[in-house]
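Those protein sequences? They're chains P and D, same order as listed.
In case it helps, my numbering puts the first sequence at residues 1 to 211.
In case it helps, my numbering puts the second sequence at residues 1 to 449.
Worth flagging that the hints you see were computed from the coordinates, not collected in a lab.
There's no promise every hint is true.
As the list claims (entries may be wrong) - Quick list of the computed label-pair ranges, beta carbon to beta carbon:
1. S137/P / G423/D: 39 to 47 Å
2. A30/P / R438/D: 52 to 60 Å
3. A183/P / R438/D: 38 to 46 Å
In this text the structure is predicted, and so the values were computed from the model without any measurement.
C-beta: ideal position from N, C-alpha, C; glycine also.
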Amino acid sequence: MIPVLSMEAVHFARSGRLILSAFNLQVFPAGHTLLLGPSGSGKTTLLNLAAGLLTPDSGRVAIAGTPLPASAAERDGLRRANIGIVFQTLRLVSALTLTENLELAARLSGKPAYAVAPLLESLGLAHRSDARPRELSQGEAQRAAIARAVVSRPLLLLADEPTSALDDVNAELVARMLLKSAAEHGSTLVIATHDARLRRHIGEVVTLEAA
Amino acid sequence: MMLPLAIAYLKDRGLVTAFNIALIALGVASLAVLLLVSTQLEKRFERDSQGIDLVVGAKGSPLQLILSSVYHIDTPTGNIPAESLGLLRRDPFVARAIPLALGDNFRGARIVGTEAGFLGIHNAIIAQGAMFSTVGTAIIGASAARETGLTIGQRFAGTHGLGDDGHTHDNVPFTVTGILKPTGTVTDRLILTSVESVWAMHGIEAPGEPGAPGAPGSGAKIPEDHARHEHKSHDHGGQDPKGHAHEGHDHAGHDHGEKVLDRRDALAPEITAILVTYRNAMAAVRLPAAINRQTALQAASPAAETARLLGLFGAALDGARLFSWLVALTGALSVFVVLLSAANAREGDMALLRVMGATRSQAAGTVLLEGLIIAAVGAVLGLAAAHGLLALGAALFPTLAAVGVGPALFHPGEIGIAAAVLGLGVVAALIPAARVYRTDLAETLGRAT
């Protein structure tokens with residue numbers, strides 16, 4: 001079976017500080033994985049490397065068997081076709097409504113997208129479809145960010161600290177929603193977090209140590 | 001794909017966008033108004049003076065002579081003896097000499113005593129009815145007909161002077177015999193009659209000198225009922241804006257200081273000016289100099305005086321044009337500041353667009369589009385405002401309409417103004433767009449997280 005995400009002997013340093021050294025990771029389809037570690041352990045860097053936003057100093061990163069290309073434009077293409085990202089700060093476009101945010105993501109992905117309305121319905125956001133991000137509650141904004149990440153049916157769904165700012169109830173809700181969305185849209189979920197509460201939802205855990 | 005996003009960003013900061021658009025529109029409107037007014041004035045002056053090489057009239061300001069006799073927008077410099085016309089017509093350098101007798105109006109439309117040759121100068125032809133023939137008949141220009149409401153067969157009495165506050169010549173009414181086709185020249189807003197009619201209206205008898213108006217074979221016949229009439233108390237409003245009353249005194253024996261007909265103390269027939277067409281190029285050298293040497297007459301060239309006027313006007317226009325460009329530049333600068341600030345504020349958005357699949361060019365293009373949209377909307381609104389302002393100005397100020405200023409048609413130069421302003425919009429957006437283009441995704445996203 002070809003892994004959705006493969007990282008082999010990845011070495012990455014920035015400003016003279018070693019962040020990842022000879023790091024290996026293989027995530028297979030439906031093998032949802034938790035990257036657990038404290039702040040400064042390189043979780044976000046690891047997600048950026050997986051998404052092709054950063055390139056390793058050495059080692060190999062591959063998405064669905066395809067190594068990340070050296071050219072930035074080709075990396076952008078590979079990411080657009082295969083990866084959805086839920087950012088820690090959500091990053092919804094403030095000038096657009098919820099529906100418009102999702103439609104823009106769908107159009108930019110260049111892939112046949114899910115109809116936006118049923119997706120919002122499934123995440124309990126149908127009644128907020130015309131709201132702008134600043135009008136959403138934290139929980140609604142979190143769900144909106146998940147909806148935007150899965151609207152293009154990504155092979156790999158990356159989530160950066162999706163629950164760290166939430167109370168137990170909402171953290172539980174978001175974790176379930178991520179897993180449900182990933183399952184419904186055929187995505188493999190990789191979550192980078194320091195939130196140990198997520199352990200009970202995801203069996204595959206990779207622990208990162210502070211650099 | 002990025003157009004809806006650019007529009008959404010503009011709407012999101014609606015007040016600032018509206019302010020930017022208003023600044024650009026203000027600059028464009030000023031530039032377009034200046035372009036349209038200067039072009040319309042030049043064209044109007046050119047059309048109105050076509051076929052007139054020289055104007056001969058009383059001594060005074062040559063520009064005033066041209067403005068009053070060619071463009072009919074000022075008061076005349078005075079009168080000249082009617083026999084001057086005969087002298088000029090006998091001059092070998094003169095191909096055509098058309099007399100003008102001014103001094104009255106009807107509801108603001110000037111009544112001009114002249115001859116059929118006047119129509120030839122402006123290529124005017126009669127649309128309805130017939131040419132004036134006997135004394136007391138008149139034809140009217142197309143706009144004058146519209147504005148005064150006069151129709152063929154209708155009788156009207158001229159008002160003395162060139163304003164509305166003169167006395168009315170009730171005892172010598174005119175009858176409309178014809179209406180002219182629109183010509184786009186000054187003729188459109190005039191009422192034309194014979195010189196003899198104007199004399200009759202002022203109680204002056206036509207001379208018998210061959211070649212002079214009123215002489216046998218020269219023009220209209222004077223019926224008995226148009227013989228000299230009594231001037232009782234009246235107000236000469238046209239020449240002196242304030243006018244002056246003549247109640248209870250005799251006109252003879254004192255100087256009114258007037259510049260037009262209606263001087264009972266000088267009942268010798270006079271005309272106001274003569275429009276001259278040269279017979280050959282040599283005439284331009286010889287004739288004006290010869291006339292100006294005579295003490296009583298002045299010769300002025302419409303081409304020279306109009307060029308002088310437009311030169312003076314042009315300097316003011318250049319200043320106004322410079323100011324308008326400064327306003328447009330201020331608008332562009334404002335767009336630059338707003339877009340630069342927006343590009344900084346939403347670098348996270350732009351990085352996100354890139355992560356979601358937008359190319360560098362698409363992300364930067366969003367900012368460029370915003371600059372372009374502001375400039376385009378500002379340009380369109382500015383051009384529309386310019387035409388609207390001219391329409392309003394022409395409606396509110398008759399003098400503007402009189403010199404041919406109006407909403408008119410689209411001028412090709414307006415495309416140039418719009419293109420220049422669009423260019424300014426793009427230039428203003430270039431630096432902010434370049435910042436977006438160079439955004440480092442991981443650094444930007446990492447900084448915010």
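Okay, the hints, checked on the actual structure:
Remark: the range hint 39 to 47 Å for S137/P to G423/D is upheld by a beta-carbon distance near 45 Å. In this structure the hint that A30/P and R438/D lie 52 to 60 Å apart at CB is violated, the actual value being about 39 Å. One distance hint, 38 to 46 Å for the beta-carbon pair A183/P and R438/D, holds here, with the actual separation near 39 Å.
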